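**Student:** Same order as they appear, the protein sequences are chains A and B. If you read the first sequence in this note's numbering, its first letter stands for residue 11, the second for the next number, and so on. If you read the second sequence in this note's numbering, its first letter stands for residue 11, the second for the next number, and so on.
Check each hint, because a few of them may be wrong.
Given that identical chains are not distinguished, each listed pair holds provided it fits within a single copy or across any two copies.
[What the hints assert, rightly or not] Quick list of in silico lysine to aspartate or glutamate cross-link-like pairs, DMTMM-like style, CA-CA up to 25 Å:
| no. | residue 1 | residue 2 |
| --- | --- | --- |
| 1 | K107 | D261 |
| 2 | K274 | D256 |
| 3 | K32 | E103 |
| 4 | K182 | E167 |
| 5 | K76 | D261 |
| 6 | K107 | E53 |
| 7 | K88 | E264 |
| 8 | K175 | D261 |
| 9 | K21 | D93 |
| 10 | K182 | D36 |
| 11 | K76 | E269 |
| 12 | K107 | E167 |
| 13 | K78 | E264 |
| 14 | K78 | E209 |
| 15 | K151 | E264 |
| 16 | K62 | E167 |
| 17 | K182 | E264 |
| 18 | K23 | E253 |
| 19 | K62 | D149 |
| 20 | K182 | D171 |
| 21 | K175 | D93 |
| 22 | K266 | D36 |
| 23 | K124 | E75 |
Don't read these hints as lab results, they were simulated from the structure. Note that the coordinates shown come from a computational prediction; the quantities given were computed from them, not determined experimentally.
2 protein chains.
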Amino acid sequence: MYGSIEFGGTKIKCAAFDENGKMTSDIWIDTGNPTNNLKKIGEFFKKNPVEKAGVGAFGPIDLNEKSKTYGHIQNTPKKLWVDFNLLENLKKEVCEKIGLVTDVGLSLIGESQKGAGLDTNSSLYLTVGTGIGGAYVQDGKLLNGYSHPEMGHISVERLKDDDFKSSCTYHKNCLEGLASGPSINKRLGKNPKDADLKEKPFKIAANYIAKAIYTYTLVLRPEVVIIGGGLINKEGFIELIREEFDKIKGDYVEVKTSEKYIVKPKLGNDSALIGGYLLAKSL
Amino acid sequence: MYGSIEFGGTKIKCAAFDENGKMTSDIWIDTGNPTNNLKKIGEFFKKNPVEKAGVGAFGPIDLNEKSKTYGHIQNTPKKLWVDFNLLENLKKEVCEKIGLVTDVGLSLIGESQKGAGLDTNSSLYLTVGTGIGGAYVQDGKLLNGYSHPEMGHISVERLKDDDFKSSCTYHKNCLEGLASGPSINKRLGKNPKDADLKEKPFKIAANYIAKAIYTYTLVLRPEVVIIGGGLINKEGFIELIREEFDKIKGDYVEVKTSEKYIVKPKLGNDSALIGGYLLAKSL
């Protein structure tokens, strides 16, 4: 049996998988106090014992194996989790063998092996929701140098008439600060779900996301860019991103047509949990 | 015996190495007509036969192994080389077993295994000269998704009073267009070698290079950034880049002090040829 855990900003999802990749049991827990959360996770895996588990955590988390604080959550707005030794606690409550990556990394493992990146050797996963995060995989290996990428925080060139105050406390012009869910919400003055796609903030956000994808394309050269996260469920939004991308990219680098290059996840909400199973199996 | 070839914009360097990594013979050829160049390369390796060779080529070159034009030079300003089947011709003139990467990639292999990246698992090599190019290695594997990176062409945010016309024909605000050797030359109105480092174009270029390094840092998280290329030989220039980087990076991501993070190559002009030997040996 293999375990899989996705630590999200609002929910923690745990699942147990059998040898054939069939999910046999799962549970959703509200993200809250880490001690209580870990206790509940422990209870689930007591009922569903596993030998290996793949885990995706919200960041920033120290993923530098040489570091003394490897597996610790770092400086996050979720104050209760700052400096929490996630890896150690998971080893106590779940099992000894834990594969630890970011939440985006876990989704990417799922999508690259069983979903939208199936026929490629290299794919990028971008999540656009409360925050913006990215992960890249090449030949089955996740990009993870000193630690995990922080792709959502690269600078994007502002549109001329855009004087929106970045919602990122660190960067005035970063993608997350200008185009994440909360930024679009603030720009619209309402929940993006309730707004018409023709409202300007969607086009602005699509432009910034497309600019960032062009930068990732030049630096990483992925064969496919998979975009997940809440905002992508807004009908027509991914088409807007593709339109903006086509204008920006010009003829310089060769990529597939944007319909084939910029795509939605194929495993829907299960990308991460399936990724956790695959990661566990590879340990 | 192992062969190593570095295809540069002005010179092609060929070398033969023995089993212990000692260079036993080498030759420099002026980059010109590809047929003549390949003939000379063939003559060198007839006198110095090798079984395997590592090759670094100027780009753009198709490094997608699944592609029909794998190993062909692509659309370069060097008109005679456009669509030239480099790999096929090297196989005829040098040996059957050829490892092919970009020129920057070859330097990075040398530096990451025997030079400035020795104690790291992940390093970035940036060359700042006639053009600007980058390569990234993690756990001994070069980043190469759909094809090689085009890092020199990412957008950087212009300084307010900088209305210099980009020297890149494709991008108005890309790093290469604003901060490469020819760009600084044009900004100065003279060769950078003959100019005082206090002249403003150096600080402008250092700012753009530092901004790009911050983007690469967020996307790739290298443990070290090695900068080579002609401009870095300008005394004091790398210190300027570090100064600008320290201002830009703030507290968001953890990196070493800029003196340890942004460094010069340790193998000097031999990074690429030694990289070629190491690449050949790994085949």
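**Student:** Does each hint fit the structure? Answer for all of them.
**Tutor:** Do the hints match the structure? See the list:
no.	hint	verdict
1	K107 with D261	neither (47 Å within a copy, 33 Å between copies)
2	K274 with D256	within (17 Å within a copy, 37 Å between copies)
3	K32 with E103	within (22 Å within a copy, 54 Å between copies)
4	K182 with E167	both (11 Å within a copy, 12 Å between copies)
5	K76 with D261	between (42 Å within a copy, 21 Å between copies)
6	K107 with E53	within (18 Å within a copy, 56 Å between copies)
7	K88 with E264	between (41 Å within a copy, 19 Å between copies)
8	K175 with D261	between (33 Å within a copy, 20 Å between copies)
9	K21 with D93	within (20 Å within a copy, 53 Å between copies)
10	K182 with D36	neither (40 Å within a copy, 51 Å between copies)
11	K76 with E269	between (41 Å within a copy, 21 Å between copies)
12	K107 with E167	neither (43 Å within a copy, 44 Å between copies)
13	K78 with E264	between (42 Å within a copy, 14 Å between copies)
14	K78 with E209	neither (48 Å within a copy, 44 Å between copies)
15	K151 with E264	both (23 Å within a copy, 22 Å between copies)
16	K62 with E167	neither (44 Å within a copy, 46 Å between copies)
17	K182 with E264	between (31 Å within a copy, 19 Å between copies)
18	K23 with E253	neither (34 Å within a copy, 44 Å between copies)
19	K62 with D149	both (22 Å within a copy, 24 Å between copies)
20	K182 with D171	both (15 Å within a copy, 19 Å between copies)
21	K175 with D93	neither (29 Å within a copy, 48 Å between copies)
22	K266 with D36	neither (37 Å within a copy, 41 Å between copies)
23	K124 with E75	between (27 Å within a copy, 22 Å between copies)
Comparing the model with each earlier hint shows violations of hints 1, 10, 12, 14, 16, 18, 21, 22; every other hint is respected.
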